[in-house]
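*Asks:* Read off the chains here:
Protein chains: 2
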Amino acid sequence: MSTQPEHPAVLIPGPVEFDDAVLQAMGHYSEPHTGAPFVNCFGDTLSMLRKLFITEDPASQPFVLSGSGTLGWDQVATNLVEPGDNVLVLHTGYFGDSFADCFESYGVNATQLKAPIGDRPQLDEIEKALKEKSYKIITVTHVDTSTGVLSELKSLSELVHRVSPDTLIAVDGVCSVGCEEIRFDDWKLDVVLTASQKAIGVPAGLSILMVSGKAMDRFNSRKSRPNSYFASWKNWLPIMQNYEAKKPSYFATPSPQLVHALHTSLTQILSKPLEERFAIHKETSQKIKKAITELGLKQIPKKPEDQANGMTTIWLPGGMAPPEILPNLMKKGVIFAGGLHKEIAAKYIRFGHMGVSVTDPKRSDIDHAIAALKTSLAEVGYKN
Amino acid sequence: MSTQPEHPAVLIPGPVEFDDAVLQAMGHYSEPHTGAPFVNCFGDTLSMLRKLFITEDPASQPFVLSGSGTLGWDQVATNLVEPGDNVLVLHTGYFGDSFADCFESYGVNATQLKAPIGDRPQLDEIEKALKEKSYKIITVTHVDTSTGVLSELKSLSELVHRVSPDTLIAVDGVCSVGCEEIRFDDWKLDVVLTASQKAIGVPAGLSILMVSGKAMDRFNSRKSRPNSYFASWKNWLPIMQNYEAKKPSYFATPSPQLVHALHTSLTQILSKPLEERFAIHKETSQKIKKAITELGLKQIPKKPEDQANGMTTIWLPGGMAPPEILPNLMKKGVIFAGGLHKEIAAKYIRFGHMGVSVTDPKRSDIDHAIAALKTSLAEVGYKN
Numbered sequence: 052m053s054t055q056p057e058h059p060a061v062l063i064p065g066p067v068e069f070d071d072a073v074l075q076a077m078g079h080y081s082e083p084h085t086g087a088p089f090v091n092c093f094g095d096t097l098s099m100l101r102k103l104f105i106t107e108d109p110a111s112q113p114f115v116l117s118g119s120g121t122l123g124w125d126q127v128a129t130n131l132v133e134p135g136d137n138v139l140v141l142h143t144g145y146f147g148d149s150f151a152d153c154f155e156s157y158g159v160n161a162t163q164l165k166a167p168i169g170d171r172p173q174l175d176e177i178e179k180a181l182k183e184k185s186y187k188i189i190t191v192t193h194v195d196t197s198t199g200v201l202s203e204l205k206s207l208s209e210l211v212h213r214v215s216p217d218t219l220i221a222v223d224g225v226c227s228v229g230c231e232e233i234r235f236d237d238w239k240l241d242v243v244l245t246a247s248q249k250a251i252g253v254p255a256g257l258s259i260l261m262v263s264g265k266a267m268d269r270f271n272s273r274k275s276r277p278n279s280y281f282a283s284w285k286n287w288l289p290i291m292q293n294y295e296a297k298k299p300s301y302f303a304t305p306s307p308q309l310v311h312a313l314h315t316s317l318t319q320i321l322s323k324p325l326e327e328r329f330a331i332h333k334e335t336s337q338k339i340k341k342a343i344t345e346l347g348l349k350q351i352p353k354k355p356e357d358q359a360n361g362m363t364t365i366w367l368p369g370g371m372a373p374p375e376i377l378p379n380l381m382k383k384g385v386i387f388a389g390g391l392h393k394e395i396a397a398k399y400i401r402f403g404h405m406g407v408s409v410t411d412p413k414r415s416d417i418d419h420a421i422a423a424l425k426t427s428l429a430e431v432g433y434k435n
Numbered sequence: 052m053s054t055q056p057e058h059p060a061v062l063i064p065g066p067v068e069f070d071d072a073v074l075q076a077m078g079h080y081s082e083p084h085t086g087a088p089f090v091n092c093f094g095d096t097l098s099m100l101r102k103l104f105i106t107e108d109p110a111s112q113p114f115v116l117s118g119s120g121t122l123g124w125d126q127v128a129t130n131l132v133e134p135g136d137n138v139l140v141l142h143t144g145y146f147g148d149s150f151a152d153c154f155e156s157y158g159v160n161a162t163q164l165k166a167p168i169g170d171r172p173q174l175d176e177i178e179k180a181l182k183e184k185s186y187k188i189i190t191v192t193h194v195d196t197s198t199g200v201l202s203e204l205k206s207l208s209e210l211v212h213r214v215s216p217d218t219l220i221a222v223d224g225v226c227s228v229g230c231e232e233i234r235f236d237d238w239k240l241d242v243v244l245t246a247s248q249k250a251i252g253v254p255a256g257l258s259i260l261m262v263s264g265k266a267m268d269r270f271n272s273r274k275s276r277p278n279s280y281f282a283s284w285k286n287w288l289p290i291m292q293n294y295e296a297k298k299p300s301y302f303a304t305p306s307p308q309l310v311h312a313l314h315t316s317l318t319q320i321l322s323k324p325l326e327e328r329f330a331i332h333k334e335t336s337q338k339i340k341k342a343i344t345e346l347g348l349k350q351i352p353k354k355p356e357d358q359a360n361g362m363t364t365i366w367l368p369g370g371m372a373p374p375e376i377l378p379n380l381m382k383k384g385v386i387f388a389g390g391l392h393k394e395i396a397a398k399y400i401r402f403g404h405m406g407v408s409v410t411d412p413k414r415s416d417i418d419h420a421i422a423a424l425k426t427s428l429a430e431v432g433y434k435n
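Note that the protein sequences, when read in sequence, are chains F and G. One gets this note's numbering by counting positions in the first sequence from 1 and adding 51 to each. One gets this note's numbering by counting positions in the second sequence from 1 and adding 51 to each.
The shape of chain F in the complex, shown without the other chains (with noise of 0.2 Å):
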């Protein structure tokens, strides 16, 4: 029996549902940050993120700051180029728009190459662009929450590293760390960021990073100090590094709730191999894009190897808009996200499909999920 009380399944791309355990921690009692149980508690997630992104190199580097999953591309923004660089930003979807907006903001020149809804940048127009100019950073969503694209990574890194090896590549996995395939030694990542609301199933309030030794050797040998102060590795690397070796240091305080919230799910998720977690996920995601298809409905990635394994995008049909079918869904105990793309918001909707809702067997969300999804459509006089 779940401890919290009864509540409609939140299956939206993030925040998703969190376990019991993890929500008790979020309930902590009050600890000094510098004390030794909090900062040994500190120190052991440190050490467990480079579990989940799968690095032994001990020159990677990972971060975790309070803030929102945004504040991720502040720190790739204000620590690893500096102003009037050029980046070039992959886009399928309102997350490539974003973090382009934030380098520019940093005065960073952001080309974004684009690819048409539902589709991503394929791998001879990014081979392209990078021989027409050279790159601090190539950026990757590795799965935008606004269409549902899945982005990859390992063919992506190849090719950077063949045609373009200073190039760091910087993978936005806010809506994939967690539920999708991610090898950071292995595919030669620079930094993978993300959030803790997604798939690793935290409450929201912490930006999470992992950065190579390369990309830390980039930001040790910039010119200029980073044009940010929160966000500056100048201030946070002595406390990462203090934390992780389990001595107390002080930047700015981190929130020892959301730590141990951290702590609690990353012991549950690498209690597992994370083979069988990217397994589930996918058979899970197989099992919904299936009824999704069976309905007669469409998603906005059209090629299966484009779609999230997290999370669904489906098109509604003819003209119904989301406000049509979402109250439905909510009656039932269930409550998928409306549409975030701006020109086409008003013709889909979303279905998150992350963390204990798809890995947790105790849980029927998401088979009471398809099952309300065709009851809501019959409703509002959807024929297939």
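It is possible that part of the hints are untrue.
For chains that are exact copies, the list does not tell them apart, and a pair is met inside one copy or across any two.
Listed next, the in silico DSS-like pairs over lysine-lysine satisfying Cα-Cα at most 30 Å (straight line) [claimed, not checked]:
#1 K393 x K338
#2 K274 x K285
#3 K383 x K298
#4 K353 x K274
#5 K285 x K187
#6 K165 x K184
#7 K298 x K393
#8 K285 x K165
#9 K323 x K165
#10 K398 x K285
#11 K353 x K165
#12 K285 x K393
#13 K298 x K382
#14 K182 x K298
#15 K382 x K165
#16 K187 x K274
#17 K354 x K393
#18 K383 x K425
#19 K298 x K338
#20 K102 x K285
#21 K297 x K393
#22 K102 x K338
#23 K398 x K298
If you are wondering where the hints come from, they were derived from the structure by calculation, not from laboratory data.
Let chain F serve as the given structure and place chain G on it in line with the hints.
*Replies:* Structure of chain G alone, referenced to chain F:
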């Protein structure tokens, strides 16, 4: 009976002890950040902040972002000044240096007006500085957590309005909002920034600000865009306005659990007149300071009017260092903090007395801590 497990009383200058109901709110079940229940909760929270800061001017603008208190400095530095501008930082300890460093990282010239340790810049010195140069902002640390020095805001504001009326007044209220008297409208303040984990009584993870209409006008008439992204009010202003109007809105995912905890704590705080809250913090502080004096010990701020009401800094007797006394206190279930001000860190300890440890009549944290301090000093051979 508390629902929290037995644990040492956290009596450092933040994080503080938390109320059971606040910790329970931290474990709130998942909700979408754009759904009506959370939107209403966040909207009410923003409105309650107006009462906490004692502002009825509708032009005043509250902000609540995921982050540490430090993020409030970034918000001031990136939104209210532009690179090349001059600001005057009144220095009463560690946090003056840090706020100045924050401005410099954004390309803003920060001039510090420093006082000897334990003292604060005097009005005639401030008047002289304001007449020598034109400053866009003057900042003051209401209570510097490294020294326990309390600054006087009312007369400072009168001076600034008389001598340099275009200079905005920004108050670092991290260690003062919720325990020291602050009258945002009456005292004509322009920014008061704070964090959740001190006298507001909510776990760390929220940066909380109140900004005047005059400061928002300055923001709206700036020439360049803010040179940050996550801290930019261009991104957050419409979100805060929408939440307070109970309309869903999205820029970056807020933390529903932390906002629920803030809602719970503000509801408790505002259920009684704020005057009572200020008074009980002052009375408790007087009691502690009297006990310290009776023990023959001295505080860092020499003048009683310069001594904070939510914390007390205590010079250790001849040659004693914090590690000699803090473990004895810990054995008695009391956690004080060591020194923070670099020049004197090894010579003093800090006793935080904010929030439920002070206001909840069922708690005996303060009396217990005073007794534990007396006994611990005797144990290590101190004789008055």
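*Asks:* For every hint, state whether the structure bears it out.
*Replies:* Right, here's what the structure says about each hint:
For a Cα distance limit of 30 Å, the shortest separation of K393 from K338 inside one copy, 28 Å, qualifies, whereas the shortest one across copies, 59 Å, does not. Proximity of K274 and K285 under a CA criterion of 30 Å is satisfied in both settings, with 13 Å inside one chain copy and 29 Å between copies. Taking identical chains as interchangeable, the C-alpha atoms of K383 and K298 lie at most 30 Å apart only when they sit on different chains, with a minimum of 24 Å there against 49 Å within one chain. Proximity of K353 and K274 under a CA criterion of 30 Å is satisfied in neither setting, with 44 Å inside one chain copy and 44 Å between copies.
For the homomeric pair K285 and K187, the shortest alpha-carbon distances inside one copy (20 Å) and between copies (27 Å) are both at most 30 Å. In this homomeric assembly, K165 and K184 come within 30 Å of each other (Cα to Cα) only inside a single copy, at 16 Å, whereas the closest approach across copies is 49 Å. In the homo-oligomer, the alpha carbons of K298 and K393 lie at most 30 Å apart only across protomers (18 Å), although the nearest pairing inside one protomer, at 47 Å, exceeds that limit. For the homomeric pair K285 and K165, the shortest alpha-carbon distance between copies (25 Å) is at most 30 Å, but the shortest distance inside one copy (33 Å) is not.
Taking the shortest alpha-carbon separations for K323 and K165, neither the intra-copy value of 38 Å nor the inter-copy value of 56 Å comes in at or below 30 Å. With identical chains, the CA atoms of K398 and K285 are at most 30 Å apart between copies only, with a shortest distance of 28 Å across copies and 45 Å within one. Taking CA atoms no more than 30 Å apart as the test, K353 paired with K165 passes inside one copy only; the shortest distance there is 16 Å, against 64 Å between copies. Taking the closest pair of Cα atoms, K285 and K393 come within 30 Å of each other only across two copies (19 Å); inside a single copy the shortest separation is 37 Å, beyond that limit.
For the homomeric pair K298 and K382, the shortest alpha-carbon distance between copies (21 Å) is at most 30 Å, but the shortest distance inside one copy (50 Å) is not. Proximity of K182 to K298 under the C-alpha cut-off of 30 Å is found in neither arrangement, the shortest distances being 46 Å within a copy and 46 Å between copies. Proximity of K382 and K165 under a CA criterion of 30 Å is satisfied in neither setting, with 38 Å inside one chain copy and 62 Å between copies. In this assembly of identical chains, K187 and K274 lie within 30 Å of each other by CA distance both inside one copy and across copies; the values are 14 Å within and 28 Å between.
Taking the shortest Cα distances, K354 and K393 sit within 30 Å of each other inside one copy (22 Å), while across copies they are farther apart (59 Å). Within a single copy, K383 and K425 get their C-alpha atoms as close as 11 Å, which meets the 30 Å cut-off; across copies the closest is 61 Å, which misses it. For a Cα distance limit of 30 Å, the shortest separation of K298 from K338 qualifies neither inside one copy, at 47 Å, nor across copies, at 35 Å. With identical chains, the CA atoms of K102 and K285 are at most 30 Å apart within one copy only, with a shortest distance of 25 Å there and 37 Å across copies.
Taking identical chains as interchangeable, the C-alpha atoms of K297 and K393 lie at most 30 Å apart only when they sit on different chains, with a minimum of 22 Å there against 46 Å within one chain. In this assembly of identical chains, K102 and K338 lie within 30 Å of each other by CA distance solely inside one copy; the values are 28 Å within and 51 Å between copies. For a Cα distance limit of 30 Å, the shortest separation of K398 from K298 across copies, 21 Å, qualifies, whereas the shortest one inside one copy, 52 Å, does not.
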